[in-house]
Amino acid sequence: MSVLVDDDTRVVVQGITGGEGKFHAGQMIEYGTNVVAGAVPGKGGQEVNGVPVYDTVDQAAREEDADASVVFVPPAFAADAIFEALDSPVDLAVAITEGIPTQDMARVNKRLSEVDTRLIGPNCPGIITPGEAKLGILPGNIFESGNVGLVSRSGTLTYQVVSNLTERGIGQTTAIGIGGDPIIGTDFVDALRLFEDDPDTDAIVMCGEIGGEDEEEAATFIDDYVDTPVAGFIAGRTAPPGKRMGHAGAIVSGSGTGTAQSKIDALNDAGVPVGDTPEEVADHIESFL
Amino acid sequence: MSVLVDDDTRVVVQGITGGEGKFHAGQMIEYGTNVVAGAVPGKGGQEVNGVPVYDTVDQAAREEDADASVVFVPPAFAADAIFEALDSPVDLAVAITEGIPTQDMARVNKRLSEVDTRLIGPNCPGIITPGEAKLGILPGNIFESGNVGLVSRSGTLTYQVVSNLTERGIGQTTAIGIGGDPIIGTDFVDALRLFEDDPDTDAIVMCGEIGGEDEEEAATFIDDYVDTPVAGFIAGRTAPPGKRMGHAGAIVSGSGTGTAQSKIDALNDAGVPVGDTPEEVADHIESFL
Amino acid sequence: MKLHEYQAKQVFADAGIPTPPSTLADNVDDAVAAAEEIGYPVAIKAQVQVGGRGKAGGIKLVDDADEAREAADAILGMDLKGIHVDRVLVEGAVDFVNELYVGVTMDRGEGKPVAMVSTRGGVNIEEVAEEDPDAIVREHIDPSFGMHPYQARRAVYEAGVERDVANDVASVLQTLYTLWDDRDGADAEINPLMVTSDREVVAADAVMNIDEDALFRQPELAEMEEDAAGGDDLEAKADEYGFDYVRLDGNVGIIGNGAGLVMTTLDLVDHYGGKPANFLDIGGGAKAERVTNALDMVFSDENVDSVVFNIFGGITRGDEVARGINEALEGFDEIPKPVVVRLAGTNWEEGMEILNEDLVTVEKTLEDAVQRAVANAEEVDQ
Amino acid sequence: MKLHEYQAKQVFADAGIPTPPSTLADNVDDAVAAAEEIGYPVAIKAQVQVGGRGKAGGIKLVDDADEAREAADAILGMDLKGIHVDRVLVEGAVDFVNELYVGVTMDRGEGKPVAMVSTRGGVNIEEVAEEDPDAIVREHIDPSFGMHPYQARRAVYEAGVERDVANDVASVLQTLYTLWDDRDGADAEINPLMVTSDREVVAADAVMNIDEDALFRQPELAEMEEDAAGGDDLEAKADEYGFDYVRLDGNVGIIGNGAGLVMTTLDLVDHYGGKPANFLDIGGGAKAERVTNALDMVFSDENVDSVVFNIFGGITRGDEVARGINEALEGFDEIPKPVVVRLAGTNWEEGMEILNEDLVTVEKTLEDAVQRAVANAEEVDQ
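Residue numbers (full-length UniProt numbering), protein chains in the order written: chain W, 1 to 289; chain U, 1 to 289; chain R, 1 to 382; chain S, 1 to 382.
Keep in mind that the hints were calculated from the coordinates and are not lab data.
Since the model is a prediction, treat every value here as computed from it, not as a measurement.
Pairwise CB distance ranges (calculated):
id, chain 1, residue 1, chain 2, residue 2, range
1, S, TYR241, U, ASP276, 30 to 36 Å
2, W, GLU286, U, ASP65, 58 to 64 Å
3, S, GLY16, U, PRO74, 30 to 36 Å
4, W, ASP65, S, GLY16, 38 to 44 Å
5, U, PHE288, S, LYS81, 45 to 51 Å
6, S, GLY16, R, LEU61, 47 to 53 Å
7, U, PRO240, S, ASP73, 32 to 38 Å
8, S, LYS81, U, ARG168, 47 to 53 Å
9, U, GLU286, S, GLY331, 43 to 49 Å
10, U, PRO240, S, LEU61, 31 to 37 Å
11, U, ASP276, S, ARG199, 57 to 63 Å
Every residue gets a Cβ at the ideal spot worked out from N, C-alpha and C, and that includes glycine.
Just chain W, same shape as in the assembly:
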């Protein structure tokens, strides 16, 4: 019924004593997520939202048998928190933090190549398996359990597209916000592979945006390996070349790759219809089911 997370997932929240960490840990628990511990150096022994806090992720994961971690740690310390998660017993880390220096993420990226732990994010809304678990900041109430997998580089755009689906009664297996930063853990290809391998996912929505070439690579991957029908959306068609729009992912280089058009063309070539509006995306998905 899902990929990566479900109601068995035992979650540590890093930074649970901070404002955001505390609030969203509460929201996650309210949604039904199995939050089993917090991890904050120096705050071990405390309790927040009814869960015990440990000084290190290692202790939290060991004592509470956790297998996933969500990082709500300020940007200056976030890379270290991710490294800590990668070097602990958890096998999934979800980094919500926005504004982590890119060079820090390059080092994290190197470390990711050495470990089996998966990273989602950073600068992402997280991951949700409707009705089972949400790890991150996604508004749970717009999701509904179902058979569509969703992967997106953009947070609020995800919500928009999900709401277009949910309003038609089309539910989701799992939705993954992979984040809009230049260097991220799980990318489109990784997420597509997960959904392709999930027997309960009957269709996939992929929301990209201008900048980088991840969507182009995803198109190639879809062409080669993905049988599950995919519908796409690309934000930034009207973005002028060379302008920076919001996050670093959204820089259009002048060289013809990374533009909305090159992404749309690549997806179309791979047989993926790309909607002009979120409603059109929902139309495509509806036609697949």
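Using the hints, position chains U, R and S against chain W.
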């Protein structure tokens, strides 16, 4: 008839324009080694000992289709030279240089875990397949082609033991000087595995010395995996505890491991006879053949 | 954050990269005095952050005091692609025989730094990159190790740099990487890196972009920031407010939360026949004040005829947004431009209760909101 | 190369690790003056590099000037395990409630650095390591990344350091790793790292061993070396000559090339009933002069009754060795101790031709050479 190197091996000499590099490249060529190029930054286009010099190992290996490199580069620059070899098309690097800072070698060691290239040394005499190729500074004339593999942490001790064998008419498949530094590339276990897998090696000599626990690990490996008969020698039986004898490998910790006795016991327990003198080692080998 | 040439050059020079002697001047007399001090020929270079400075007349090579005065007078005060020039760098001219290119940036596709060298430096490097990408040698760096010296050498020899200056160029590249790494660079470039007639290597230009997200640990560079900004007034205001903002040439003002959703809103404005006046992302978790500031921003843009405010709440709460909109609009006797609001997600119902519907038009879906805003703009436009 | 406590402490303090106030003194008056300046109680600590200084009377805690004078007088000039004490460190005593241990070293088995923390610091840490190894938490470091802050925290919390000082201890450990890394440390240790009654963390001792092979890039530390040496006169001479030399208590002097072969020669001396007087490795590629120096070294040891010179040439050439032996011995009217020479390997035949066999006994095999030398020693001994 050999492991790792033979008369097909095409060798680059890093530092071929330096005093040692030039001399030993000449010796290697005289021995019959297929030295195809030198690599020295800024010296590209020159010729030394009749072989062309390139500015980078990459160029040398690419242009001359080399598959091994020998490093004769001063200690301050040797780690960088090893990194360069590891990041080039060669699949064997032999580092002769003595006195490389240990922290440099720790970084090299990390890199070794990421690549397929094998490193022998540093601070080692090199590797020789008698009659075919020598990569390093071993005196070729004491070796003879045959069916005994030899691996040793110490240079001159290797020569001693080899001469004891050769004088009896016992030749060698390949002799590997793995080097006496605290951090080395190929260790006893690696070398033993190569000899065990070599159909032409009928017996193995392993020369260890006090310090570290490599011989103990090798003993365990022999017990578990090695069918080829092995004879051992351990230098430093009379070394007083806590004294530093020559190179960093030869520090006896106070804790009962790393002593000559613990190594001899471990080898004996694995069924490996350990000679009191080099002659006795030759006796054991003779009895195996 | 992009440093000015004179700032980047100072940073490079402090790290040991050879640069020509130079002095910053903000008036003609000082510029001439600097030129005299340095000795002719000198280059007089406008310190503005626009591409193609040279071709646009922002760089002049002069041979004596009269020429220096004339050039400084022409450049100081000129408008270069809309940016006013108020400072010039007076710099000793380099007698060069070759122009190389060296640079360090993050290769986002690979997720690792990359160092670049080319023997075809100079003004046309972008064309070279386009037409003959192999003329630029790329060496990827493992950021856990940093750049190994052999990598700098390899890139330089691979690029075909002449052997007698190869060591110096490799050393400049190594220093450039270290700078890029230590100073949280996004890009660091020297183009051209000149080889002089007496076989020395000199950085004749210097580009350094800093990762904005890392400015917290680069206090020295962060201080340069204000100086380095400049340009469009509204974009400066957006900087002040901390908004991601880009000014465009349409008339439908757009405010939203999250880059992807805001871009989508722009795309829909276009899709329904309108023209976006801007991109404005208020970010995640915005409070009422931030919403007020955003409206203030968009109202300040005289090209804007109509506004669409599109929020899908995750960490952003609909009630906070509604409160901010009310506060921004209740101050006006007459609402300056018609505002269409669409609230969804976290606390959207609370938001709808709070929102003063006398001041704005409310739409339930993104599509409807955008269409209404486009229609409003057309109405005003007529 | 081992730094003295006072040197290591200075290095640590410069890096920001809290240390008690202290002054180095080489006479009683200065020591008392320093104690008065610092304020009692103070510790007076012999600056010699031997283990178990405290137990051997080399550290005294004093409460007033009279005690300080008495202690300084007792310690200055004393012999600690054969080393003359000519300096003391006068150091403010720390009012501690806990003694921790932190250290960084190279784990040669793993081939990577390791940081260590224990709450059972103090004089018995070696026993703790022996009897209860789990009481010392080990955190391996990837040297390409360096120590991540979380690793320092993890080690500290895992060791059970109390939470109110955990941050400070983690910070000391992080600094210690950085020092170890930047300064090419072999080991860097603080034992004890004291927790004071007002919950501060202070390094009450400091150990820093530097990798000799890296001294070329640690000029500041290399300068400390001479000062840090001391001890046995012959070992000092060996340092000067650049030999690997260890003095032992037998009477057969041993010279050879390569650590493994020299150790083997020692082992064979023992095997054949003799007692090695020393370990002396002339290294690879030795020229005649080095050979002469080596013989000079061994002759200077009055315990030596007989010498065995065992060379198996690889880069070392037999002719050079023979020339050196001749030069060393031809100066004597009478050879001071009988010398047995065994030459093998590179150019051994040339060597045998050169060698003046009136001055030495030649043997062809290692076994014969050692047996002859042992016999020579027995003869002299009788």
